[in-house]
Amino acid sequence: MKFTCKSSGIPVGTYPVKFTEAEAITNDFGDGVVLRFEVINGEHVGETTTRIVSQKLSPKSGLFKFVTALGGRKLEPGEEIDLTSFYGVQGLAIVAETDSGSSRVESFVRMS
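Take my numbering: the final residue in the sequence shown is number 112, and no numbers are missing along the way.
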């Protein structure tokens, strides 16, 4: 029998990306959001990389970190955010390896 090893995400590195989608999910850790970014230039153009964060939007949460980066500013207490308003925002995604050997967006820096 022959098997072909599948990719577990784009390689570790820094990529020019645009934010394309936010999808609500429920996993073993509770309610979360999958943030999807599409590579817009280079060898991996058109490929997607993701980050899963909880749906908790507070100053210490992953969602807060990404919303702040996507919006280019800090949120005000009580402010509501619609993630679809950030679709198309471009920047640099730093992709890192996870403990399981796959990759994920570790951080995002908005390009003005």
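Just so you know, the hints here were simulated from the structure itself, not pulled from any lab data.
As the structure is a prediction and not an experimental result, all values here were calculated from the model.
Honestly, I wouldn't trust all of these hints.
Result set (EDC-like, lysine to aspartate or glutamate): computed pairs, CA atoms no more than 16 Å apart in a straight line [said to hold, decoys possible]:
1. 56 with 23
2. 65 with 80
3. 65 with 47
4. 60 with 82
5. 60 with 47
6. 56 with 38
7. 65 with 79
8. 18 with 31
9. 60 with 76
10. 56 with 31
Structure-based check of all given hints:
1. 56 with 23: holds, 14 Å
2. 65 with 80: holds, 15 Å
3. 65 with 47: violated, 23 Å
4. 60 with 82: Violated, at about 19 Å.
5. 60 with 47: violated, 29 Å
6. 56 with 38: The given pair, whose Cα atoms are some 24 Å apart, is violated under the 16 Å limit.
7. 65 with 79: Within the cut-off at roughly 15 Å; holds.
8. 18 with 31: violated, 24 Å
9. 60 with 76: Measuring from Cα to Cα gives roughly 14 Å; hence the hint holds.
10. 56 with 31: holds, 9 Å
Hints 3, 4, 5, 6 and 8 from the list above are not met by this structure, while the remaining hints are.
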